[in-house]
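**Q** Top line first, the protein sequences correspond to chains A and B.
Per this note's numbering, residue 1 is the first one in the first sequence, and the count goes up by one each step.
Per this note's numbering, residue 1 is the first one in the second sequence, and the count goes up by one each step.
Hint data in this document are derived by calculation from the structure and do not stem from the laboratory.
Keep in mind the model is a prediction, meaning the values are calculated, not measured.
Hints may be right or wrong, so weigh each one.
Claimed, not checked - Part of the chain A face toward chain B, derived, beta carbon under 10 Å: (1) 51; (2) 53; (3) 61; (4) 64; (5) 91; (6) 94; (7) 201; (8) 203; (9) 213; (10) 215; (11) 226; (12) 227; (13) 228.
Said to hold, decoys possible - Calculated cross-link-like contacts (lysine-lysine; reagent style DSSO-like; alpha-carbon spacing at most 30 Å): (14) A/204 / B/40; (15) B/207 / B/102; (16) A/313 / A/257; (17) B/96 / A/204; (18) B/91 / B/176; (19) B/176 / B/302; (20) A/3 / B/96; (21) B/259 / B/289; (22) B/264 / B/176; (23) B/91 / A/204; (24) A/347 / A/313; (25) A/189 / A/3; (26) B/289 / B/207; (27) B/91 / A/189; (28) A/249 / A/237; (29) B/102 / B/208; (30) B/208 / A/204; (31) B/96 / A/237; (32) A/347 / A/288; (33) A/257 / A/222; (34) B/102 / A/204; (35) B/300 / B/264; (36) A/222 / A/204; (37) A/204 / B/207; (38) A/189 / B/96; (39) B/176 / B/275; (40) B/40 / B/102.
All C-beta atoms, glycine included, are put in the ideal place defined by N, C-alpha and C.
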Amino acid sequence: MAKKIGLEGSLAISEAVKLSNTDVVAAYPITPQTHIVESLAEMVANGELDAEYVPVESEHSAMSVCLGSSATGARTFTATASQGLELMHEVLYVASSMRLPIVMAVANRALSAPLSVWGDHSDVMAVRDVGWIQVFAENAQEAHDLVLWAFRVGEDPDALLPVMLNIDGFNLSHVTEPVLLNEQADVDKFLPVNRYPLPLHPDKPVTMGAFGPPFIYTEAKKAQEVAFSKSKDVIMKGWDEFEQVFGRKYSPIETYKTDDAETLLLTMGSLSETASLAVDNMRDQGKKVGLLRIRLWRPFPFTELRKAVANTKVLVVLDRCLSIGGPGGPVASEIRSALYDQEKRPKVVSLIGGLGGRDVTPTDFEYMVNRGVEIAEKGSDAEYEMIGVRE
Amino acid sequence: MTQEFIKFGKREITMDEPFAPGHRGCIGCGEALAVRLAMKALGRDVVIANATGCIEIISSPLPDTSWQVPWIHTLFENTAAVASGVESGLKVLQRKGRIPQKHVDIVAIGGDGATADIGIQALSGALERGHDFIYLCFDNEAYMNTGIQRSSATPYGASTTTAPAGKTSIGQQTQKKNMPAIAVAHGIPYVATASPSFPFDMMEKVKKAADVEGPAYVHILSVCDTGWRTPTNLSVTIGRLAVQTGIFPLYEVENGVYKLNVDKDLKPVADYLKKQGRFRHLSDDEIQKIQDRVTEEYAKLKAKVAG
Chain A
1 MAKKIGLEGS
11 LAISEAVKLS
21 NTDVVAAYPI
31 TPQTHIVESL
41 AEMVANGELD
51 AEYVPVESEH
61 SAMSVCLGSS
71 ATGARTFTAT
81 ASQGLELMHE
91 VLYVASSMRL
101 PIVMAVANRA
111 LSAPLSVWGD
121 HSDVMAVRDV
131 GWIQVFAENA
141 QEAHDLVLWA
151 FRVGEDPDAL
161 LPVMLNIDGF
171 NLSHVTEPVL
181 LNEQADVDKF
191 LPVNRYPLPL
201 HPDKPVTMGA
211 FGPPFIYTEA
221 KKAQEVAFSK
231 SKDVIMKGWD
241 EFEQVFGRKY
251 SPIETYKTDD
261 AETLLLTMGS
271 LSETASLAVD
281 NMRDQGKKVG
291 LLRIRLWRPF
301 PFTELRKAVA
311 NTKVLVVLDR
321 CLSIGGPGGP
331 VASEIRSALY
341 DQEKRPKVVS
351 LIGGLGGRDV
361 TPTDFEYMVN
371 RGVEIAEKGS
381 DAEYEMIGVR
391 E
Chain B
1 MTQEFIKFGK
11 REITMDEPFA
21 PGHRGCIGCG
31 EALAVRLAMK
41 ALGRDVVIAN
51 ATGCIEIISS
61 PLPDTSWQVP
71 WIHTLFENTA
81 AVASGVESGL
91 KVLQRKGRIP
101 QKHVDIVAIG
111 GDGATADIGI
121 QALSGALERG
131 HDFIYLCFDN
141 EAYMNTGIQR
151 SSATPYGAST
161 TTAPAGKTSI
171 GQQTQKKNMP
181 AIAVAHGIPY
191 VATASPSFPF
201 DMMEKVKKAA
211 DVEGPAYVHI
221 LSVCDTGWRT
231 PTNLSVTIGR
241 LAVQTGIFPL
251 YEVENGVYKL
261 NVDKDLKPVA
271 DYLKKQGRFR
281 HLSDDEIQKI
291 QDRVTEEYAK
301 LKAKVAG
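Pulled out of the complex, with its shape left as it was, chain A reads as follows (with noise of 0.2 Å):
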């Protein structure tokens, strides 16, 4: 029987990099990423965990150092935030593009200036485009078992992708939770040794990163985005098998109320769970509200994402970041586009909040409802509204 102890959101991460048998961790510190990073170096240094540690001089080498290494064959795992995330920019692009199942924890932080250690999403949202596969996990457990199902798609040979696990900073990267510590033999059920099947060796050389000259480039791109959408049943096995050996379910989208419901809000990470507090107030009111959770964003959830807000009148939507001088917070506009075919769609409202690590509590989520239930009612010239600045 798995063991339920009191974990931070940082080491229920850890532990589950340990039970994975990783074989290299390449890191470099960031707040609030520090505790996962500190407590896998402490693994090594006692023994616990067989692995390489290479302390880094930077996050642009870190996620270099992840390129080699799983080039070889070898289980890598990274965690980083924030500045650390953007440094690594162009690497993530190499990762996916050469098929490097990294798994990466990003504790999501907003980006200077001004200077913040504290959470928002502008960090991950400047990366959505990388070519990684993306969840969000709500709380410790889930960023526990995600980390297993993280190796498990990566390195299965039909995705052959790298993975990386959003887990909010300091709200959930230090934040202690009952976490259901999962088994070794579970986890050697669930998780096969990684078997990448090209790796770097010279029993068998291979050229790895070759230049794409303009006859090949393109094709070479339709081969990657092919993949990469069949990862979505890689991703939705993973999960089912997940589900038989742990018990625990996942999906793309989370839904809470949703059935009868006429407004929804959106929410990423592990803000849903102060939005539940508020959808369970309204719904005491009288109130016909629900929320939904996106826990699966690259692939993006279209399809559920459209069943999930078929019969909605009206979807609040709270973004992290602030995308400026465009369309809408980053996850609006992205819901706004997959909607807007749909013959039947409900209003998409586009609130920013939460910037910066500003606590969002219930009653804020409550305004969120109400602003957006008028915004639909009698329309708004601006593109979007951020909450709570103190005037």
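Dock chain B against the given chain A, drawing on the hints supplied.
**A** Using the frame of chain A, we list chain B on its own:
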């Protein structure tokens, strides 16, 4: 001539070509020659991590490859980090018994831009961490792949496309960054300078670099006839003159101990400079300035050798 080389040379140099012919290098490319010799010295039990640059571009247009050995290219500035990852990956997989036990030399390759400019941080990190790998800098003294732009390894007085000689400039106004000294400052077991114009010396150094445990750095001057504006048949001669004039002395530093490998009376630097279009604009006064600096630097090096 070829027959004679095969007859006598093969005793010294393997006929195997891990870096296969048919690449897209310019005629007279000193760097391709240097890579070819380095690969002969290294053999096939290697993994190469190659930075973006001339060698990467001429050797790997999809779907072709010149590499008969495992080879990975990812980006410009991260090659030492990628090599660190390859080394760590192979080490842990061997330790866990997931791949056969075998000594594999991990080799990072970069040009002077990838080494002295954009990749110096990743290189410094990898040297400091002590990975067991070899870093080969093939220095052609400018960003040749993008069209002869200056780097920090471009020598004083050279004209490049971004530090051109003009009415108010002699071209490059700064002195060449001393990368071998920077490598030595990391306290690594082996640092050397080499030139394909001295092929046996160079191959011995590459082998030595492979044999030491821990990081090794070899800085190889690679004549670029396109960028230096020199005749295509003179690459080996010009490389030799760089050594003979003391502009690029051949030395090695084993565990901090300096040794000069070629130490004869120096020829005047003018013999080297006058053969190259990139220095054509230099006045006698400027050439004398360069001469004075080379004499001074060479004396400093000799002092280090004397201990």
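**Q** Any of the earlier hints contradicted here, and which numbers?
**A** 11, 12, 13, 18, 26, 33
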